[in-house]
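Protein chains: 2
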Amino acid sequence: MTTCPLPHEETERVLLGHGSGGRLMAELIDQVIARELGTRGPLEDAAVLTAADVGPGGDPVLGPGADLVLSTDGFVVTPRFFPGGDIGSLAVHGTVNDLAMRGARPIALALAFVVEEGLPVEELRLVTRSAAKAAQDVGVPVVTGDTKVVGRGAADGLYVTTTGLGVRLPGARPSAAAGRVGDVVLLSGPIGAHGTAILSAREGLGFEAEIASDSRPLHRLVAAMLDAGGEDVHVLRDPTRGGLASALNELAAASGVAVEVVEDDVPVPRAVAAACELLGLDPFHVANEGCLVAFVAPRSAPDVLAAMRARPEGAGARAVGRVVDGPAGRVTARTLIGSTRIVDMLIGEQLPRIC
Amino acid sequence: MTTCPLPHEETERVLLGHGSGGRLMAELIDQVIARELGTRGPLEDAAVLTAADVGPGGDPVLGPGADLVLSTDGFVVTPRFFPGGDIGSLAVHGTVNDLAMRGARPIALALAFVVEEGLPVEELRLVTRSAAKAAQDVGVPVVTGDTKVVGRGAADGLYVTTTGLGVRLPGARPSAAAGRVGDVVLLSGPIGAHGTAILSAREGLGFEAEIASDSRPLHRLVAAMLDAGGEDVHVLRDPTRGGLASALNELAAASGVAVEVVEDDVPVPRAVAAACELLGLDPFHVANEGCLVAFVAPRSAPDVLAAMRARPEGAGARAVGRVVDGPAGRVTARTLIGSTRIVDMLIGEQLPRIC
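So the sequences go chain by chain: G and U. Under full-length UniProt numbering, think of the first position of the first sequence as 1, with each following residue one higher. Under full-length UniProt numbering, think of the first position of the second sequence as 1, with each following residue one higher.
Be a bit skeptical, because a hint or two may be false.
Copies of the same chain look alike in the list, so a pair counts if it fits in one copy or across any two.
Once the Cα atoms are required to be at most 20 Å apart in a straight line, the calculated SDA-like pairs of lysine to any residue come out as [said to hold, decoys possible]:
id, residue 1, residue 2
1, K133, I29
2, K133, T50
3, K133, D30
4, K133, A177
5, K133, A212
6, K133, P302
7, K133, A34
8, K133, R330
9, K133, E123
10, K133, E208
11, K133, T39
12, K133, T335
13, K133, P83
14, K133, V121
15, K133, Q31
Keep in mind the hints are simulated off the structure, nothing from the lab.
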């Protein structure tokens with residue numbers, strides 16, 4: 001408590017852009033949160049716990065090579081109900097997918113609600129029902145939860161934080177830092193649907209009839225990919241906040257490699273492209289909730305791609321680029337006319353409260 | 001979407017009292033959340049996952065008798081900094097304690113922030129630092145996290161959801177449903193400090209100099225109790241929201257027994273008693289964050305009590321009552337003058353946003 005103003009600069013404050021999944025957010029996490037927590041290593045959406053982390057509990061707790069994976073994710077999406085899903089199903093899918101990106105099969109979920117006073121009980125019921133149905137479809141039980149209520153105006157209806165516990169599939173070692181020069185970049189399906197669906201629903205833009213969120217669980221797709229490619233599946237990431245561009249930038253930086261994609265090989269649905277053009281958005285920066293990008297060793301890439309295409313959620317899978325020798329973290333796109341552009345991370349905020 | 005109003009009754013809405021830890025909250029969880037999720041069994045603050053729940057992952061994931069415990073908890077306390085702690089340390093202690101109440105040693109924490117646009121970055125830094133320090137003191141790493149930013153007015157500064165993963169200590173089987181007639185009711189220390197400290201700090205009542213929150217980790221106390229009493233430690237619970245009265249009511253109901261406490265054996269600090277008298281609060285309903293109540297088989301109760309008293313956080317431990325034969329869920333207190341009163345659960349809201 002001081003009565004004199006700060007001399008030169010304004011007190012730094014959290015901006016909406018700090019939650020974007022882009023560069024501002026990476027800086028906030030790196031310089032404030034990870035620094036204070038003393039955590040190191042590549043930015044992953046889920047943590048792996050080995051036998052050494054778990055420690056003995058009398059007898060060994062974990063069997064040989066059996067690793068646990070833990071992930072947590074807050075959901076503040078608005079509107080809470082949108083074409084293709086709602087905050088309940090999204091919260092389950094998002095967390096299941098974070099586990100899957102570390103090669104884990106989900107075994108338990110925990111749900112924590114922060115509810116604003118005045119929310120219709122029926123809406124809480126519908127969101128819970130949707131989360132329960134999504135969890136049942138995934139095949140993972142919700143084992144525990146928590147509910148807090150805050151006064152009117154102290155939250156925007158309902159926030160959901162979902163935590164997932166998983167067990168790593170045998171032979172699975174995907175990590176953001178494991179990309180190698182020569183890896184093939186595979187994309188499981190078209191991009192941009194979630195972000196444009198949310199924006200359209202929020203602003204009443206009229207694309208709702210054409211664009212639905214791609215929110216869906218990806219753990220079965222990942223299991224099929226690991227079955228086909230094993231440890232040759234080096235990197236898995238679902239490009240959510242910040243879109244494909246931010247995901248590729250993070251992965252390239254974490255692996256110390258460069259990535260080159262062929263822009264026209266990245267599928268963007270016609271309605272998504274139209275919405276993005278109208279709104280001045282780059283589809284590469286728009287959030288997804290039902291696709292993944294993988295870096296796979298070239299010898300296994302054809303088998304992994306075939307395994308992806310054999311599943312409905314990977315039916316549109318294709319190779320979209322390569323991991324190449326170059327400055328660590330550089331992502332470029334070759335365009336139709338043969339030129340090359342830098343694909344940068346989202347800088348600030350494109351679209352707040354997308355998930 | 002319907003344009004005609006609901007015919008007879010108002011749409012039911014979530015009230016502040018639904019977050020109180022009392023009867024309204026139990027009803028909301030029972031009739032909406034647990035019902036939709038299809039969960040059953042006694043209300044526990046953490047879930048136990050056995051080898052059967054985890055399933056095989058090639059080889060068995062969990063060693064024989066090694067059970068995992070998962071707990072999640074949202075923290076919305078206001079003010080975020082208060083005598084004896086802050087939202088960061090409270091979030092760590094609260095979750096560590098929920099694990100401990102199932103007999104688990106904590107092995108990993110996950111932190112999820114919902115931040116309101118405009119929060120000073122320095123405040124986020126201080127809260128993170130405090131959580132990091134609390135985790136270090138406990139001896140548990142924060143392994144993963146998430147940060148969401150919502151617009152001004154869409155949250156009250158900062159909410160923290162903490163999830164803890166633990167491993168059950170050998171021989172530990174405490175459960176809310178395991179209380180038996182004849183058990184001794186042990187209380188680890190004085191009650192009422194957390195709730196009165198928060199209220200005093202929030203409202204500027206002037207008790208701040210005298211009352212600090214009892215927020216602290218209880219996992220070492222629990223380890224000592226289990227070491228002394230093993231499976232004779234039937235029930236463990238930290239009486240947070242809703243206070244000792246609500247905790248005893250829940251435990252008595254879950255175990256299908258009655259509980260009788262001796263009112264004057266329950267230690268209430270002088271300053272807490274004064275604050276409660278001034279504010280018209282019953283100390284039995286005031287939240288705690290650093291004490292626990294246990295139901296212990298009579299043959300082990302002296303040893304367990306001695307083990308509690310040998311630790312600083314259990315120095316004030318004492319036997320405060322008995323599990324008795326009677327209507328399931330009935331809790332009574334014998335008073336100084338020999339009369340008996342019913343100790344009911346907190347009904348609605350005593351003090352919102354206490355944790």
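Going through the hints against the structure:
no.	hint	result
1	K133 - I29	between (33 Å within a copy, 17 Å between copies)
2	K133 - T50	neither (31 Å within a copy, 23 Å between copies)
3	K133 - D30	between (36 Å within a copy, 18 Å between copies)
4	K133 - A177	neither (34 Å within a copy, 28 Å between copies)
5	K133 - A212	within (19 Å within a copy, 44 Å between copies)
6	K133 - P302	neither (34 Å within a copy, 48 Å between copies)
7	K133 - A34	between (34 Å within a copy, 13 Å between copies)
8	K133 - R330	neither (41 Å within a copy, 36 Å between copies)
9	K133 - E123	within (15 Å within a copy, 38 Å between copies)
10	K133 - E208	neither (23 Å within a copy, 47 Å between copies)
11	K133 - T39	between (35 Å within a copy, 13 Å between copies)
12	K133 - T335	neither (42 Å within a copy, 50 Å between copies)
13	K133 - P83	within (17 Å within a copy, 43 Å between copies)
14	K133 - V121	within (18 Å within a copy, 38 Å between copies)
15	K133 - Q31	between (38 Å within a copy, 17 Å between copies)
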